[in-house]
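Engineer: Listed below are the residues making up each chain.
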Amino acid sequence: MRLLGSDLACFRGGRQVFSDLSFTVEGGEALLVLGPNGVGKSSLLRLVAGLVPRFAGALRLEGGDPELTIGEQAHYLGHQDALKPSLTVDENLVFWSRYLGSGQETQAALAAVGLETIAQLPAAYLSAGQRRRLSIARLIAIRRPIWLLDEPTSALDAAAQAHLAGCMGQHLAGGGLIVAAAHGPIGLAAAKELRLGGAP
Amino acid sequence: MSPLAALFVRDFRLAVRVGGGALIGVLFFLIVVTLVPFAMGPDLALLARVGPAILWIGALLASLLTLDRLLAIDHEDGSLDLILTARVALELTVAVKASAHWLTTGLPLVIATPLLGLLLNLEPKATAAVALTLLVGTPALTFIGLIGAAITVALRRGGLLVAVLVLPLTIPVLIFGVAASNAAIVGPVRFGTPFSILCGLALMSMVVGTFAAAAALRHAID
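Chains F and L are the protein sequences, given in the same order.
Mapping of the first sequence onto my numbering: residues 1 to 200, in sequence order.
Mapping of the second sequence onto my numbering: residues 1 to 222, in sequence order.
Extracted from the complex, chain F is given alone in its bound form (with noise of 0.2 Å):
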């Protein structure tokens, strides 16, 4: 599996925010997007993820499922979590993995990032941190091979990110690949850099 993105160009409020972008991402590697504030990192995660519209160049997935959208392959965790804070930890995690997979595993996920005992209790009472948890919870419980994390240890105590990193290793090697917008390393050791805005 290859995600190849040519010549990239993306324009939101009538501004340019990047063009001339190119990347290749190979199965079980990850791309760390790096860059100062405003440069557009956020952008690019959403254009692959087909949320914002592109400008101009080519994005292609190259053995992936041909029927469906490079976003239908992919988990997106961006800035806000999609949680709702009148359903339980438990109730917003099972809509999320039936409404976009099977509806498997939700139980193993939530242990998998230490939620389980506050399964019950309203999102309206997680923590930031906890929050963030409940996402990556998703992105554990649904398989789809395209990660596309924006800032995705933002919040994070030491512990889960270093969690994370163990769950970013697996999914790469398993033959995922993932794309991270962030202001520095988050834990994955052979990461290759797209940098944007110029040298740093």
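No lab work stands behind these hints: they were computed from the structure.
In this text, all values refer to a predicted model and were calculated from it rather than measured experimentally.
Even glycine gets a Cβ: it sits at the ideal position worked out from N, Cα and C.
Treat each hint with caution, since some may be false.
[To be verified] Per the computed footprint, the stretches of chain L lying under chain F, defined by three or more beta-carbons under 8 Å from a beta-carbon of chain F, are:
#1 13-22
#2 85-91
[Said to hold, decoys possible] Listed next, with one range per pair, are the computed distances between beta-carbon atoms:
#3 F:Ala162 with L:Leu115: 56 to 62 Å
#4 L:Pro114 with F:Gln107: 42 to 48 Å
#5 F:Asp20 with L:Gly19: 43 to 49 Å
#6 L:Glu91 with F:Ala124: 27 to 33 Å
#7 L:Arg87 with F:Ala158: 34 to 40 Å
#8 F:Gln107 with L:Arg87: 19 to 25 Å
#9 F:Ala173 with L:Glu91: 34 to 40 Å
#10 F:Gln104 with L:Val189: 55 to 61 Å
#11 L:Ser2 with F:Glu62: 27 to 33 Å
#12 L:Val88 with F:Gln170: 26 to 32 Å
Following the hints, complete the assembly by docking chain L onto the known chain F.
Structural biologist: Chain L alone, transformed into the frame defined by chain F:
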């Protein structure tokens, strides 16, 4: 459970739990219709004559009030991003969301109608006619509202704009809803004639609303 069934259950749960808004619409309906006799005075004959129109206007306004729950909330908390990456046709998704929305906000209006008919001095037969037209008409209002909700989804607090966009589109439904109710009460047209047109409008709005809303959502993303 299939993805669409899961979506239906989730939207239903959200609507009936605290802060969900299932009761807001019907309470608003109750208050608007209750205010009318106070404003118009105790002329029972007049109330009975304008009763169907008042019930319809009340239901129309009440169904507008909850439209911002339909899609805007999912956009605010990022759920819509994930919905767009699901392997389910967007048309089916918005149709299921609108159905769950109607079940929690439209059907209670129909159920409350017999009670409000008493306040407006409507005959049992007239109340039944209004309730029947609302049962057919409220899905039309929901699916027309779905278009407005989808168009304004990217605007923060687009609630007022939805009302301005949606109200003109609901005029045909209002005309034939009230006409069918009046036909059942005073004639001379048979109830079936305007009622059939109302049914046609409802079916049409379900098809047009679903496809228009899905198209609007695809263009609204940014």
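Engineer: For each hint, tell me whether it holds in the structure or not.
Structural biologist: The hints, checked one at a time:
no.: 1; hint: 13-22; result: holds (count 6)
no.: 2; hint: 85-91; result: holds (count 4)
no.: 3; hint: F:Ala162 with L:Leu115: 56 to 62 Å; result: 60 Å, holds
no.: 4; hint: L:Pro114 with F:Gln107: 42 to 48 Å; result: 46 Å, holds
no.: 5; hint: F:Asp20 with L:Gly19: 43 to 49 Å; result: 47 Å, holds
no.: 6; hint: L:Glu91 with F:Ala124: 27 to 33 Å; result: 32 Å, holds
no.: 7; hint: L:Arg87 with F:Ala158: 34 to 40 Å; result: 36 Å, holds
no.: 8; hint: F:Gln107 with L:Arg87: 19 to 25 Å; result: 23 Å, holds
no.: 9; hint: F:Ala173 with L:Glu91: 34 to 40 Å; result: 38 Å, holds
no.: 10; hint: F:Gln104 with L:Val189: 55 to 61 Å; result: 57 Å, holds
no.: 11; hint: L:Ser2 with F:Glu62: 27 to 33 Å; result: 31 Å, holds
no.: 12; hint: L:Val88 with F:Gln170: 26 to 32 Å; result: 27 Å, holds
Every hint, counting from the list given before, is met by this structure.
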